[in-house]
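Protein chains: 2
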Amino acid sequence: MVHNYSAGPCILPQEVLQKASESVRELEGSGLSLIEISHRSKDFVNIMERARSLVKEILNVPDGYTVLFLQGGASLGFYMSAINYMKKNGGRSAYLDTGSWSSKAIKEAKLLGEAHVVASSKDDNFTHIPKDWSVPTGADYFHCTSNNTIFGTQMKSFPKTDIPVLCDMSSDIFSKEINVADFDLIYAGAQKNMGPAGTTVYIAKKESLGKTGRDIPSMLDLLVHDSKDSMFNTPPVFSVYVSMLTLEWLKGIGGIKEIEARNNAKAELIYGEIDRNPLFSGTTAVEDRSTMNATFVLNDEGAHREMFDAMWNEAQINGLKGHRSVGGYRASMYNALPLESVQVLVDVMKELERKA
Amino acid sequence: MVHNYSAGPCILPQEVLQKASESVRELEGSGLSLIEISHRSKDFVNIMERARSLVKEILNVPDGYTVLFLQGGASLGFYMSAINYMKKNGGRSAYLDTGSWSSKAIKEAKLLGEAHVVASSKDDNFTHIPKDWSVPTGADYFHCTSNNTIFGTQMKSFPKTDIPVLCDMSSDIFSKEINVADFDLIYAGAQKNMGPAGTTVYIAKKESLGKTGRDIPSMLDLLVHDSKDSMFNTPPVFSVYVSMLTLEWLKGIGGIKEIEARNNAKAELIYGEIDRNPLFSGTTAVEDRSTMNATFVLNDEGAHREMFDAMWNEAQINGLKGHRSVGGYRASMYNALPLESVQVLVDVMKELERKA
Chain Z
7 MVHNYSAGPC
17 ILPQEVLQKA
27 SESVRELEGS
37 GLSLIEISHR
47 SKDFVNIMER
57 ARSLVKEILN
67 VPDGYTVLFL
77 QGGASLGFYM
87 SAINYMKKNG
97 GRSAYLDTGS
107 WSSKAIKEAK
117 LLGEAHVVAS
127 SKDDNFTHIP
137 KDWSVPTGAD
147 YFHCTSNNTI
157 FGTQMKSFPK
167 TDIPVLCDMS
177 SDIFSKEINV
187 ADFDLIYAGA
197 QKNMGPAGTT
207 VYIAKKESLG
217 KTGRDIPSML
227 DLLVHDSKDS
237 MFNTPPVFSV
247 YVSMLTLEWL
257 KGIGGIKEIE
267 ARNNAKAELI
277 YGEIDRNPLF
287 SGTTAVEDRS
297 TMNATFVLND
307 EGAHREMFDA
317 MWNEAQINGL
327 KGHRSVGGYR
337 ASMYNALPLE
347 SVQVLVDVMK
357 ELERKA
Chain B
7 MVHNYSAGPC
17 ILPQEVLQKA
27 SESVRELEGS
37 GLSLIEISHR
47 SKDFVNIMER
57 ARSLVKEILN
67 VPDGYTVLFL
77 QGGASLGFYM
87 SAINYMKKNG
97 GRSAYLDTGS
107 WSSKAIKEAK
117 LLGEAHVVAS
127 SKDDNFTHIP
137 KDWSVPTGAD
147 YFHCTSNNTI
157 FGTQMKSFPK
167 TDIPVLCDMS
177 SDIFSKEINV
187 ADFDLIYAGA
197 QKNMGPAGTT
207 VYIAKKESLG
217 KTGRDIPSML
227 DLLVHDSKDS
237 MFNTPPVFSV
247 YVSMLTLEWL
257 KGIGGIKEIE
267 ARNNAKAELI
277 YGEIDRNPLF
287 SGTTAVEDRS
297 TMNATFVLND
307 EGAHREMFDA
317 MWNEAQINGL
327 KGHRSVGGYR
337 ASMYNALPLE
347 SVQVLVDVMK
357 ELERKA
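Residue numbers (this note's numbering), protein chains in the order written: chain Z, 7 to 362; chain B, 7 to 362.
These are calculated hints, taken from the structure and not from any lab test.
Every value quoted in this text rests on a predicted model; they were computed, and no experiment measured them.
Be a bit skeptical, because a hint or two may be false.
Copies of the same chain look alike in the list, so a pair counts if it works inside one copy or between any two.
Claimed, not checked - Pairs of lysine to any residue residues, derived as SDA-like cross-links and limited to a Cα-Cα distance of at most 20 Å, are as follows:
| no. | residue 1 | residue 2 |
| --- | --- | --- |
| 1 | 116 | 230 |
| 2 | 116 | 8 |
| 3 | 48 | 327 |
| 4 | 327 | 37 |
Sequences are here, hints too, so could you generate the full structure?
The structure is reproduced here in structure tokens:
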């Protein structure tokens, strides 16, 4: 068995992969593959509606919000979030800069208006989440990134403010309880906890849309997509379907409460070992540690790197290498990664200590 | 066996569906599913490069062009094509209006500058391709739609002009020989002849990019995607993979020459019957008939519709209903539809004539 620590696209539940594989061959007795039916067929419209409704149910999305399955990843979301909320005349926005993804979002917003950075941990190589900042009154919106895959930090709380709060939750959506009402827009690429690459979920408060005075290109306009029930154009059929299956799986195991408990157990196990084992150090501020991506380094790379790399490869661990911009190691522990896989890694770390 | 006339997403080769299904379970002995591996892994980078190179090989793409697999469908392509070619200052473009998709493209271009319509068949409900028009000199680019799925018309030639020619080839790319050098940009949603929904291919002449004076949002900038070898952000892994398989299949059966002969044979068979059978009429100008989508009506709907609908349903024909904006019938005969399926439909039409 491979222990899949890929940072995304990443591990999905085995039963989801099996069902998806079957449906690519034939969608439940239809005589046709999932990927050769019309997206306007009853079969697919039902899939889209089921996926949208599972998001609402699992995250307890309040009335007045729309759920959309679009394309382009969070990378297009950086621009889409800005263009749907930045006023055309004298547009001003506020960003918290917590890592590479935040920085990219800020870059896109600057094409449309002012993007004020309320705080940044860039000088500290993003190893912590900035504290002691405030959201400026009068900005069109505030934007943040809930979890920083590359650096391994995670926001543990979000500001209460009168202006719209927009959040890129690509790498920790569906991992823990959130209060959707705290946000005007949540967007997230599917390829961590929700499904395969190729679709991006948007959860938007309808009454905060359409206020910019801009003519927005149709495909970037959240109101256009909402008016067509997320079927303005041909959706990414396969990615929406597998997201639906993954959300069914999540609901089936007990929903957010259960997955949050499992994710906390995995995080405690790995961080416990990082802190205990004299050969390793965590790379982020302890209070900002991500439950999704644990980043750590060997204290003596020269002495132990070769041995450690050989050992975890031998143990069938996949994808543990840190992001090229950080180095070291990163254990991505998305929803579908079992506690057993974390135990295998911890056992390898203990074994290294004994052997080294 | 189902005879799949879906207008898109549509029929794909059986061997492609089988292989795709297997790879969702496990990608060739990797121990992991195709959809849970990193897009930066060697396995997926090879898939992306193979898909890009098959496009070049099959369409005989000249040097100096880039091939990109992006997201958003042609619907995002309408805006992307415009923003990559319309000058920031005094931008002027020229469009041929041949149907719903052209009209949507024109709408998006108008957000960026002037969009001059050189000719339109709208007053004739788009039942023909306009003749006797010319491309204005001095426009930033000329845009057209090569095949009109809804109305069943197809451009049989393209203008020779000094300004960049941009073409939405979503519904007939890979169906017949084209001279890529006649175009500065070809874009096409995958879900007709190339693969499943969820990716869009762009074939762009590199030297004609970056000339607008605009700051283009990163995800909409073809130069940005080219600079990252179509991996600027996480690509739609599954859709790119299945496109690669479909292109392998196309190459395997003999490439464009062979598929063009097959498509011509299918078109001759169906149009021959439409013209011969006194119960049916074609809906488009004969010289503009699409080899991909044959649109036709019953001459006496009241007398024969119920019987005809029952008969083709009985014959396991799927997706023959015309688009809601046109009515009647539409036989979409994309690359993977075998001649045998067209023969089944023709036999049903003959039988209706005998029974009616």
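Is it within, between, both or neither when you check residue 48 against residue 327 at 20 Å Cα-Cα? The answer is between: 14 Å across copies meets 20 Å, while 44 Å in one copy does not.
When no copy is named, should residue 327 and residue 37 be tagged within, between, both, or neither for a Cα gap of at most 20 Å? between (43 Å within a copy, 19 Å between copies)
Up to 20 Å CA-CA - residue 8 versus residue 116, copy category: For residue 116 and residue 8, the Cα distance exceeds 20 Å both inside one copy (43 Å) and across copies (52 Å).
Evaluate residue 116 and residue 230 at a C-alpha cut-off of 20 Å and name the case that applies: within, between, both or neither. between (24 Å within a copy, 17 Å between copies)
Violated hint: 2 only; the structure is consistent with all others.
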